[in-house]
Amino acid sequence: MKLKTSYIAAAVIAAVAVASPAFLGAYPLNVARSVMTYMALAISWDMLLRSGQISFGIAGLFGLGSYASALAVLRGGMDPFLSIVFAAAFAGVMAFALGFAILRLRAMYFSITTLALMEIFRIVMHNLDDFSGGPEGVVLPEVIFGGNSSALYWLCLGGLLITIGASWFFEKSKMHLALTAIRNDETSARSSGVDIFKYLLIAFVVTSTMQGMMGAIQVQSYGFTTPETAFDGNFTLLPLAMALLGGVHSTIGPMAGAVLLGIASEWLKLQIPYGHLIVYGVIIILVILFMPQGLVGMARRMIRAGREAGAGK
Amino acid sequence: MSKLTTTGLTKAFSGLVAVNDVSFNMEEGEILGIIGPNGAGKTTFIHLVSGILMPTSGRIEFKGKDITYAPAHERSRLGIARTYQLIHPLENLKVVENVMIGSVFSRGKSLKEARKAAEAICAELELDRLQRDTAQLSILEIKKMEIARALANEPEVLFLDEVMAGLNSDETKQVIATVQRIARERRMAVGVVEHVMGVIRELTQRVIVLEAGELIAEGPYETVSKNPRVIEAYLGGAA
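Residue numbers (my numbering), protein chains in the order written: chain A, 187 to 499; chain B, -16 to 222.
Hint data in this document are derived by calculation from the structure and do not stem from the laboratory.
All values derive from a computational prediction rather than experimental measurement.
Just so it is clear, CB atoms sit at the ideal spot from N, CA and C, and this is done for glycine as well.
Check each hint, because a few of them may be wrong.
Label pairs and their in silico Cβ distance ranges [what the hints assert, rightly or not]:
#, chain 1, residue 1, chain 2, residue 2, range
1, B, 10, A, 490, 48 to 56 Å
2, A, 211, B, 111, 56 to 64 Å
3, B, 215, A, 302, 51 to 59 Å
4, A, 310, B, 178, 53 to 61 Å
5, A, 332, B, 93, 45 to 53 Å
6, A, 347, B, 6, 54 to 62 Å
7, B, 94, A, 489, 19 to 27 Å
8, B, 103, A, 477, 38 to 46 Å
9, B, 185, A, 494, 36 to 44 Å
10, A, 490, B, 202, 52 to 60 Å
11, A, 489, B, 161, 33 to 41 Å
12, B, 95, A, 477, 29 to 37 Å
13, A, 488, B, 109, 30 to 38 Å
I would like the entire structure built from these sequences, with the hints used as guidance.
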């Protein structure tokens, strides 16, 4: 019964999301794309967090995807759509190789290393003048789909849906058991036959692929990028804030957080153009202090409390 | 048939030799007591055979296969399971998921099959309401859950590291009866670390005694408990 209503709700939301270009103008569609990009990044960040590993490298893989896609088109003459697939795979392969080194690290050592990797990617792109365009970045000959705002919207939605699908799979398959066990107690996990490194590597590669894919979609939709836009720290900070606000260790939490903060950010950017990030910082602090389970966690608690009160009557 | 054998097993922590040259074996269907004073190296010994720690030297064989340096998750798949002296519940998983995990990853069962297996094991241990969070469990129930989780690996060799600690005597009897029955039914070799000597006397056919990392005595409890070296180890030189 409860399952059925949630499936119907999901189907209705998906249908509205797909049909949006029919009744939304160019500006709202643009805002929606930004929200969807951050949402996908927030979900992918959370997917790895379920193993207890906190990545600060979202922007690194996002930027890597951006550059891989742009350079494949510019230097390799690849079809723009194909370049998105290529960039996603490239980010995944990079994560696979890097994973052997950094997935032996835990807690803040892992976090700091992922942050450093992002900086390294940015500096490399900054300095590979001949290949990457250096500090000026790259400009593509044309925007994908001729810049049609509906098509760009659907492309971004497609990327988001793939990410949601992957996250849902992580929640419903044995990945859920493996990642939660690793997060709770690695010793117990090992004694129950969980190959910890293998599952961390799967999670890292899958989430990096998603982040690279969203970066590629972004660059193909705008037609240009620079090291400072592709590896913008906001692509790390905002998804993190969204997931924390909505509630971590779930698919629905980061989604809810992305909708709320995404729309709030558009408004805040207009109100305080240079100070809106301060508001994010305050939100993160308040959420950690007063709502460690996030909005979804709080809603769940209230529903449970309501049910128990109802049962007591 | 010999299930688990160690030869000259040694573990040193930069100078401190926690397990020193221990050779022993466990037979199919046998319940073996592992006793010794605090700090004797009992838990370290179990860490070594279950792969949580790697030995400094020596050799471990499981059914004739060298597993000295095999990682813990591989040993779990081969058929070595254990519980922990300090409880290790997976607090973000339901009780049933805590138990299922061994079936899924050690035995490669599907989630559905694993759930069924977990429910059967919990029924055997009289652990119910499996949809609960682990935070809602009593100490007895947590101990049962940890035994159930180890059994879900379908082990051939099982180590119980002080599972009775913190239980009252009725609860202890209940757990002893269950362990005996399951060990008999499955022809499992069970190694029991316990400080309550009544449990050791009742449960085990054979006992090994560790002191300061060394194996100092071996045999049936009745014999070993009269061994002067063992009495000295427990009570000190004055006795």
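These are the hints, each one checked on the structure:
1. B:10 / A:490: 48 to 56 Å: Because 50 Å falls inside the window, the suggested range holds.
2. A:211 / B:111: 56 to 64 Å: Given a distance of about 58 Å, which is inside 56 to 64 Å, the answer is holds.
3. B:215 / A:302: 51 to 59 Å: At 57 Å between Cβs, range holds.
4. A:310 / B:178: 53 to 61 Å: Cβ of residue 310 of chain A to Cβ of residue 178 of chain B: about 59 Å, so the range 53 to 61 Å holds.
5. A:332 / B:93: 45 to 53 Å: holds (47 Å)
6. A:347 / B:6: 54 to 62 Å: holds (60 Å)
7. B:94 / A:489: 19 to 27 Å: holds (25 Å)
8. B:103 / A:477: 38 to 46 Å: Since the Cβ atoms of residue 103 of chain B and residue 477 of chain A sit about 40 Å apart, the hinted range of 38 to 46 Å holds.
9. B:185 / A:494: 36 to 44 Å: Because 43 Å falls inside the window, the suggested range holds.
10. A:490 / B:202: 52 to 60 Å: Holds, at about 55 Å.
11. A:489 / B:161: 33 to 41 Å: holds (37 Å)
12. B:95 / A:477: 29 to 37 Å: holds (35 Å)
13. A:488 / B:109: 30 to 38 Å: Check passed, 34 Å falls within 30 to 38 Å.
Checked against the numbered hints given earlier, this structure breaks none of them.
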